[in-house]
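Assemble the whole structure, with the sequences as input and the hints as a guide.
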Amino acid sequence: MKCRIAPLLTLLAALAAGGGPAAAAALPVEELVLDNGMRFLLLPRPGMPTVEAGWVVDAGSAADGEGAAGAHHLIEHMMFKGSRTIGAVDLESELYVLGRLDEVAARLAALRPPGERRKDDLRRAELEAERRRLRGRARELTRLGAFSFEYSRAGATRLDANTAEDMTLYYVTLPAEKVELWFWLESDRLGAPVFRELEPEKGVIAEERRLRVASTPTGAADEAFDRAFWRGTPYAGSALGRDAELAGMDRPRLRRLFEREYRPERLTAVLVGAFDPAAVRRLAPAYFGRLPRAAAEDVRGEPPVAPDRRAEERLHLECECAAQVVIRYPTVPFGHPDQFDLQALAGLLNGRAGRLHRELVLGREIAFAAFAQQLPLRRAGAFTVRLEAKGGTPLAELVAAWDGEVARLTAAPPPADELRRAQRRLATEHLELLKDPHFLMRRLLVYAGLGDWRPLARWPELVAATAPADVQAAAGRYLRPERRLVGFYEPAAEAP
Amino acid sequence: MGGRLRVRTRAVGGAPVAALRVWLLAGERHAATPGQALLAGRMLEEGTAARSWRRVARDAEERGVSIHATAGYEVIGLALDGPATEAERMIEWGAELALAPAFDAERWEWQRELALAELELIRDDPEALAGWGFLGQLYGPHPRSRPLQGDPASLAGLDVAASRASYEQALGAGMIVSLAGAIDEEKAAARLRARFAAGARPPAEPPAEPPPVASGEPRRTVALPGDQAHLFLGRPTVDRDDPDLPGLELLAVVLGAGAGLAGRLPARVREREGLAYTARVDTAAGAAADPGRLVLHAATDRERLARVERAFREELDRLVTDGVTAAELAAARSFLEGQECFRRETARQWAEIMAEAELTGHPVDQPGWGAARWGPLTIAELAAIAERWLDPAGLWVTVGLPSEGTERA
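Keeping their order, the protein sequence lines are chains R and Z.
For the first sequence, the numbering used here begins at 1 and goes up steadily by one.
For the second sequence, the numbering used here begins at 1001 and goes up steadily by one.
No lab work stands behind these hints, which were simulated from the structure alone.
Be a bit skeptical, because a hint or two may be false.
Ranges of calculated distance between the beta carbons of each label pair, as one might list FRET restraints [as the list claims (entries may be wrong)]:
(1) R:306 - Z:1104: 42 to 50 Å
(2) R:95 - Z:1391: 36 to 44 Å
(3) R:362 - Z:1140: 39 to 47 Å
(4) R:397 - Z:1314: 54 to 62 Å
(5) R:91 - Z:1366: 40 to 48 Å
(6) Z:1206 - R:492: 45 to 53 Å
(7) Z:1393 - R:137: 40 to 48 Å
(8) R:30 - Z:1140: 53 to 61 Å
(9) Z:1140 - R:364: 40 to 48 Å
(10) Z:1391 - R:133: 51 to 59 Å
Ideal Cβ placement from N, Cα and C applies to all residues, glycine included.
Next up, the structure:
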């Protein structure tokens, strides 16, 4: 039996569409596909003063490859360095200097490690001096920050990008009358980027890594946990990369990777806001139609992967955080029908009225915070539970309490009322996100990057279709102790 | 202003939603004990005389309404967002939550524990820890120097009775109520007045003014978790009524508060020298009833700190000595004017900006107001403002260094 919460869903769909109940059917997204294969998703909202614009390439850190962790993230950074037009002062001279820099980098890479051979050490010193000279010259031939400056002086904001496992996203918010600027700047950097200032950018990424991983309470522990969980799959690498791997990445290698991945048939653009769809249908081919379709074969449709987990594994990790336990199970990738049952299951566990808060936080008072999440990736999925210990509660007690919750979930279906409330809350939270045009644009990009934007419009309906028996079945099928990884996060011992 | 109720409404097109904001003019700035206003504010979503907190949460979930209560330095705030069809109910709930909160002892204790946990989080977050060190250095005894949660000692000194009493006083300090969305403006305004006036308290005595801003030692070192150093440079600048504020806003964009990596500091520190992932700048951050601040911040390796500080100082010096170019001024003006439309997109934003206009006495909700402030400023006037507020010779500095096992600040 399937639950129905139709009246709320009708309203939610109307809200997401930005129209009245008559416009309630779904997100009224118009699709446009250019001759070169690039896809556009258009969601006009005439009342808005702005346009949210972005594009996604369906290549991210999972495609970095062996020994090249961080490559896609580095490309993402280099895409802000301008193009043959933006940032160029004397392009011909600059390209010559950049070519010389690449030659010097290749020669440096071919030398024996420092201290091994005196001749190489002397040569290294010469080459380093040459590299410094060339860098200084290259800097004279470019306008740094020119790409951001063009957007800034147009009043644009939220200019940013993210590299995720399966995709890389680029987006910005513009005043409505500046939408053509976006077409120009984005097609320009896709068509003719110049990867300037590569070496300083590696330093920037080292600092980003320090900021996001080494200096967050659970950053390093989370990274170790992820690496252990996804071992043997493309998701085991670090999106940010590590200094040693980044050091070996030169401009020609990045350029080859860019040309292989950033092809129009792997790109989807999303526009939400006050634009004229007819004008966009004219602008899209005029600007992005310039990108040539590549002859290389399409790499979409890779098969699902699953971490090879046959017995429970336990990891003890140090963190600068409150003691907590993280439990993760392999589940299903994006698009799998069980995904929505797992999301409903997470909904049942989360929130102030959810089971985890009710039982572990308020009831037994052994947890300070508790959270569950189903994360769908393109080729895999995972269900994660994070429980933060209250006071001195032993972490093993939290694991036992969670096992008790799983036993309840698998022994009997949840009461229909309880599930319905959770589904309503999920629908409300979904709506909260989609009400914001910026997040709506970004969610469309993420769904497009995962392979299909359409479930986004139907998400509350799909989650609401989960019946109590479906939740019970999903818990039984996926929350199996022999397949899980358990991370015990404990504060590092204080120095004496 | 004591005890006065001010109501604003606005019909907003687009999605059929409504946003209600209730602001009591009694924030942490006037709290007798640090953390008091925040705890009192958060109790507004913890149940009323008529409904328990569980019932409030369940009713809200059933109707697709979200409720959030908190406090800032100047106000205690209650926010309700939901479908426009629930606007009437949101008014009723808003009045019930704001005028008759239960102050249940058990829930109050839970909120105190939450505040303590948040303070622990700050101690685990290197940027937040260094940032609060900087604010302490800059503002001295003024409440802006401390987190809204107060500190463990001040929280330990509070109890539910004192919290309830402070909230009763807050009700007499004045209230702003705004509602925006797919509504009938006049009917909604009348309903708001009728419902909220019923709970009005006699005007309270004006609260004591907080101690003045008094910056401490010019250079301070804070020990941090993690392995990245943080550098904060700055000084107190102007409050929101100061005529120099529009000029400082333009100068902030020139320095790097614009889009992406635009601006002098990101270009120098990140793009050219690769010293840091972020190089943030603001010239009047947090300008409100009390002065805002010039703040330049970067997170970097400790070996690079001196280079970052030198770059920051040199760029400020260049700005003060050479001023801005006509192209930079035009671009900064264009950026700020372009931003204005982003502030009035949704019902939620309209509800907040109307409340802000009532609070500040400035027509921040009027679309042309910002442009009228920035438009007339000349390069010479910006040079004078830069000289007054951005001179690198008069800065306070907080350096946060990875502690490597040493005791933290």
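Just tell me: holds or violated, for the beta carbon distance of residue 91 (chain R) and residue 1366 (chain Z) against 40 to 48 Å? holds (45 Å)
Given a hint of 40 to 48 Å, does the C-beta separation of residue 1140 (chain Z) and residue 364 (chain R) actually sit inside it? Given a distance of about 44 Å, which is inside 40 to 48 Å, the answer is holds.
With 42 to 50 Å as the target window, see if residue 306 (chain R) and residue 1104 (chain Z) comply at their CB atoms. holds (48 Å)
Is the gap between the beta carbons of residue 30 (chain R) and residue 1140 (chain Z) within 53 to 61 Å? With a Cβ separation near 57 Å, residue 30 (chain R) and residue 1140 (chain Z) satisfy 53 to 61 Å, so the hint holds.
So the hint says 36 to 44 Å: do the beta-carbon atoms of residue 95 (chain R) and residue 1391 (chain Z) match that? Check passed, 42 Å falls within 36 to 44 Å.
In this structure, is the beta-carbon distance linking residue 1206 (chain Z) and residue 492 (chain R) contained in 45 to 53 Å? holds (49 Å)
Residue 362 (chain R) paired with residue 1140 (chain Z), Cβ distance criterion 39 to 47 Å: holds (40 Å)
For the hint 40 to 48 Å, verify it against the beta carbon of residue 1393 (chain Z) and that of residue 137 (chain R). violated (34 Å)
Cβ distance range 51 to 59 Å for residue 1391 (chain Z) and residue 133 (chain R), holds or violated: violated (36 Å)
Is 54 to 62 Å right for how far apart the beta carbons of residue 397 (chain R) and residue 1314 (chain Z) are? Hint holds: Cβ distance 56 Å, inside 54 to 62 Å.
Hints 7, 10, counting from the list given before, are not met by this structure.
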